[in-house]
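The hints should help you fit chain B onto chain A, whose structure is shown.
As they're listed, the protein sequences go chains A and B.
The first sequence begins at 205 in our numbering and counts up one residue at a time.
The second sequence begins at 380 in our numbering and counts up one residue at a time.
Read the hints as simulated data drawn from the structure, not as lab findings.
Careful: at least some of the hints might be erroneous.
Distance ranges between label pairs, derived from CB positions [as the list claims (entries may be wrong)]:
| hint | chain 1 | residue 1 | chain 2 | residue 2 | range |
| --- | --- | --- | --- | --- | --- |
| 1 | A | R367 | B | R511 | 37 to 45 Å |
| 2 | A | M252 | B | Q390 | 51 to 59 Å |
| 3 | A | Q278 | B | D527 | 33 to 41 Å |
| 4 | B | R511 | A | C249 | 27 to 35 Å |
| 5 | A | C249 | B | G404 | 28 to 36 Å |
| 6 | B | P535 | A | E270 | 32 to 40 Å |
| 7 | A | F267 | B | D405 | 49 to 57 Å |
| 8 | A | V246 | B | R383 | 47 to 55 Å |
Straight line, CA to CA, 20 Å or less: simulated SDA-like cross-link-like pairs of lysine to any residue [unchecked claim]:
| hint | chain 1 | residue 1 | chain 2 | residue 2 |
| --- | --- | --- | --- | --- |
| 9 | A | K307 | B | A542 |
| 10 | B | K423 | B | M492 |
| 11 | B | K526 | A | D323 |
| 12 | A | K307 | A | E270 |
| 13 | B | K526 | A | K307 |
| 14 | B | K526 | A | Y322 |
| 15 | A | K361 | A | I371 |
| 16 | B | K459 | B | G404 |
| 17 | B | K526 | A | I371 |
| 18 | B | K526 | A | N324 |
| 19 | B | K423 | B | A487 |
| 20 | B | K417 | B | T437 |
| 21 | B | K526 | A | Y325 |
| 22 | A | K307 | B | R540 |
| 23 | B | K466 | B | W491 |
Owing to the predicted nature of the structure, the values given are computational and were not obtained by experimental measurement.
Cβ coordinates follow ideal geometry from the N, Cα and C atoms, glycine included.
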Amino acid sequence: MGELKTTETRIVQPSEQGFATTRFQDLLHWAQKYSLFMYPFVTACCGMEFMAVTSPRYDVSRFGAEAPRFSPRQADLLWVVGTISQRQAPILRRIWEQMAEPKWVMAFGTCASSGGFYDNYATVPGIDKIIPCDVYIPGCPPRPEAVLDGLLLLQDKIARGDREPAIVKPRTDPATSKDHGLVQLRKPGRGLLT
Amino acid sequence: MSQRVLDLLIQRFPQAVLETHAQHGDETAVVEAASWAKVAEFLKASPDISMEMLTDLTAVDYLEREPRFEIVAHFYSLSKGHRLRLKTRVGNAQGEGVEVATLVPLWAAANWMERECYDLFGVRFVGHPDLRRILMYPEFEGHPLRKDYIATRTQPLIEYRDAPNIDKVAPFGFDEGMSFGRQTHQFLTDEE
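Looking at chain A on its own, in the form it has when it is part of the complex:
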């Protein structure tokens, strides 16, 4: 192991003594946030982005959420990835009920968060109508970076013991950042706003 040349390693001798203080809840939350076992409930096209996130290029395992468990009884993080139809709603509720506490829910993408553009007879307008949701990741589908932001947000919430729903914020606003060139808004009578 000759790679670590600059780091000095010192072995703590048994004769040395020391202690660190923490609260039990903080220690527990710290342990929980790096051992998320995820259950992917993948129903739609967002699944492709989910595969990207879990594959080596974006590598969600760096954040301690590596192992997918395909049994809800062994998982504590439910990823709802994709559109949930009314017909699937009882299934999703049951999956969530089978998970043991403590458990968290991520709404992956616009459809899971709010129904997206499926404003119709067949689609549930957001999974929070059925199960409580911790983090909403907007995007159609969200970029893997946004998903990682969502995971970090969730870990931060776990560390703080915060169960309020939260939303992943965009890093830059495409409507105002001038060098983006993605969104062009038309000013009344002024042509394109650049």
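Chain B only, in chain A's frame:
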């Protein structure tokens, strides 16, 4: 393209074919609902036409017309390479009497397409072996693609949660929790 098919059809069923037209090489024949299955059988059996394949079967709801529903079937001949669109019109303004003979004995592909058509439009295919809903759940009332189905009506299978602000699309408003939001933008003011 397949004008010859139309000619053969009119020659064989001079009474049943109500109208025909062709647009960009797509020939269409509108037939009487009573002879729907008979015409389809002829289209498959006739050696000059031999439509081996039922490509699509669906319906259109023309709410203001009488008869209200139009059943549309698309046929394709694998051996001859020609196509035909066959239509018929059924049902009154109240959406009753929407019945037409099934095509399942002729094309197995008609089975699920007719079930879908029944599920979403409420067209009853007489003689269908298993006319159940295929996309919506059995508890669903009505037929959602009919024009008189209320657009905002949903029929949840389980009750929605009872939580504060659950009526919002998400438990936050458009700009809540955002460091910047659309309402704080200046892009609609006169300032550059």
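Has the given pair, A:K307 with B:R540, been kept, meaning a C-alpha gap of at most 20 Å? Roughly 17 Å separates the two Cα atoms, so the pair holds.
Pair hint outcome, B:K466 versus B:W491 [Cα-Cα no greater than 20 Å]: holds, 18 Å
Taking 47 to 55 Å as the hint, is the beta-carbon distance of A:V246 and B:R383 inside that range? holds, 50 Å
Outcome for the supplied range 37 to 45 Å, where the beta carbon pair is A:R367 and B:R511: holds, 42 Å
Hey, B:K526 versus A:I371, does the alpha-carbon distance stay inside 20 Å? violated, 37 Å
Quick one: are B:P535 and A:E270 within 32 to 40 Å, going by C-beta? Once the Cβ atoms are compared, 35 Å apart, the range 32 to 40 Å for A:E270 and B:P535 holds.
B:K417 and B:T437: Cα distance at most 20 Å? It holds: about 18 Å lies between the C-alpha atoms, which stays within 20 Å.
Compare the distance between the alpha carbons of B:K526 and A:Y325 with 20 Å, and conclude whether the hinted pair is satisfied. Cα-Cα ~13 Å, so holds.
Are B:R511 and A:C249 spaced within 27 to 35 Å by their CB atoms? Holds - the Cβ-Cβ distance for B:R511 and A:C249, about 28 Å, lies within 27 to 35 Å.
Is the hinted pair B:K423 and B:M492 satisfied, with a Cα-Cα distance of at most 20 Å? holds, 18 Å
Given the hint of 33 to 41 Å, is the C-beta distance from A:Q278 to B:D527 inside that range or not? Violated, since A:Q278 and B:D527 (Cβ atoms, about 48 Å apart) do not stay within the stated range.
Take a look at whether the Cβ-Cβ distance between A:F267 and B:D405 falls inside 49 to 57 Å. holds, 55 Å
In this structure, the hints that do not hold are numbers 3, 13 and 17, in rising order.
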